[in-house]
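Undergrad: Chain residues, written in single-letter form:
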Amino acid sequence: MWTWFFRLASPPHVYALAGKLGLWFLIPAFALLAVGTWGGLVLAPPDYQQGDAFRIIYVHVPSAYLSMLIYVTMALAGAIGLIWRMKLAHAVAASCAPIGASFTFAALVTGAVWGKPMWGTYWEWDPRLTSELILLFLYFGYMGLRSAYEDINQADRASAILAIAGVANVPIIHFSVIWWASLHQGPTLSKLGAPSISGAMLWPLLTMILAFTLYFLGVLALRVKGEVLAREFQSRWAEDVLRGISTAGSQ
Amino acid sequence: MALNVATGTSSRDAAAEPALGLLALFWVILARDLRVGLRRWTDASNSALFFILVVTLFPLALSPRAEQLRMIAPGVLWIAALLATLLSLQLLFRSDLEDGTLEQLLTLPYPLGWMLLAKTLAHWIITGMPVVLMAPILAITYQLPATALSVLTLSLLLGTPTLSLLGSIGAALTAGLRGAGVLLVFIVAPLMLPVLILGARATDLALAGEDPTGPLYLLGALLVLAVSLAPVVAAGAIRVSAD
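Just so you know, the protein sequences line up as chains H and C, in that order.
Residue numbers for the first sequence follow the numbering used here, so the first one is 1 and each next one is one higher.
Residue numbers for the second sequence follow the numbering used here, so the first one is 1 and each next one is one higher.
Hints listed in this document are in silico derivations from the structure and should not be mistaken for laboratory results.
You may find that some hints are simply not true.
Claimed, not checked - Now the stretches of chain H that chain C is said to cover, found in silico as 3 or more residues with beta-carbon under 8 Å: (1) 130 to 141; (2) 150 to 158; (3) 168 to 174.
Note that the Cβ used here is the ideal one computed from N, Cα and C, for glycine as well.
Kindly produce the complete structure, drawing on both the sequences and the hints.
TA: In structure tokens, the structure reads:
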């Protein structure tokens with residue numbers, strides 16, 4: 001019953017599995033992405049206040065949601081790796097960071113583009129934008145620490161500790177930023193109350209969130225595949241895989 | 001039996017009989033670190049001097065008008081305190097790792113987090129306390145009224161130990177790395193933001209004649225959290241660095 005779990009400790013098995021999982025996640029992700037884009041850009045009616053500008057939420061909200069989900073995933077994977085000394089978990093955590101940083105960046109850029117027509121400026125010291133910017137710094141710190149260590153085991157453990165300390169701090173940072181902003185400015189236009197959004201606008205958003213999540217899982221699987229290969233490059237099976245790639249490339 | 005942590009000669013004896021109580025151990029490490037820190041007094045005075053320097057730059061770059069200075073004073077003093085802490089953090093574990101003191105501490109049959117708490121406290125006394133003591137004097141040059149002065153000092157007294165404790169995690173993570181200065185700042189600064197926000201805002205509220213107890217209580221709560229959790233995390237990080 002537990003064989004599938006124990007086989008996760010075998011790098012060649014994980015390598016093959018991650019390759020398959022990547023496709024299984026990415027194909028439905030692209031299908032849903034097409035549906036969600038059609039629904040969001042064509043079928044959904046324009047907002048009575050924001051006009052067509054609101055349509056950026058179909059990229060902005062899933063990116064912002066994933067930027068946080070991925071950080072938590074990364075910290076959880078790091079904790080699993082620390083506690084049960086599971087190398088695969090560390091590989092997953094390491095693979096999460098660049099994806100999470102990209103989504104954070106995407107959320108910031110789409111937020112700024114949205115801010116121009118809504119607030120009149122590209123950047124507003126809005127609590128959510130500020131938290132998101134700090135999250136980007138947390139990702140950079142994590143990746144910087146990883147790359148500073150030469151020894152992969154040290155890098156795994158040190159960055160896992162940092163991710164856990166960061167995740168414990170994220171709520172404190174978030175609430176302090178909200179409190180800070182409440183002293184400085186009135187409520188902004190960014191309120192996007194869940195019940196006030198109409199069904200025709202909501203279903204493409206949910207579709208996009210699902211599509212982005214599947215896309216994240218697919219890219220994560222492909223990154224884990226590469227990460228496992230990079231960690232095992234001296235082993236026999238990795239050599240076979242790499243030789244297979246190079247002969248396939250030369251044909 | 002004297003526990004000579006600096007040379008580590010008696011660590012094997014200590015392993016045989018953990019005779020020293022936890023509190024006594026705390027004092028031994030605190031006294032040892034204070035003595036070492038004060039002998040390298042240039043390191044110790046650097047962070048206070050840096051603090052003064054940064055605070056001096058702002059009136060020169062902005063304007064020396066009294067009302068404007070008063071307005072920016074809470075933010076400037078808090079940013080300077082944060083930068084001074086960041087600057088001093090690199091020295092927290094570096095020399096102890098290089099001369100082998102940390103490895104000796106690792107072999108002792110005592111909780112590592114507890115020992116790191118003593119080390120961090122010693123570090124704060126040497127680098128953080130001068131900043132807290134200098135702050136009201138510098139704040140007078142920024143024309144800060146007396147009511148805000150006491151709140152500023154109190155907020156720094158509650159906040160800078162939290163900064164040192166959070167910084168100890170980053171210092172422990174980067175202790176074994178060459179040229180980790182900027183990396184340390186990158187890792188630690190985002191975690192310190194809540195303290196900066198609460199501290200500066202408490203002083204701001206006092207300056208505006210409002211009640212600053214709310215953020216001060218929150219600063220106290222963060223200090224309690226940091227005292228209880230940060231040394232444990234730093235201990236885990238030291239074990240990685242000392243590998």
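Undergrad: Hint by hint, note whether the structure agrees.
TA: Against the structure, the hints come out as follows:
1. 130 to 141: holds (count 5)
2. 150 to 158: It holds: at least three residues are needed, and the segment 150 to 158 of chain H offers 5 whose Cβ sits within less than 8 Å of chain C.
3. 168 to 174: Since 4 is at least three, the answer is holds.
Checked against the numbered hints above, the structure breaks none of them.
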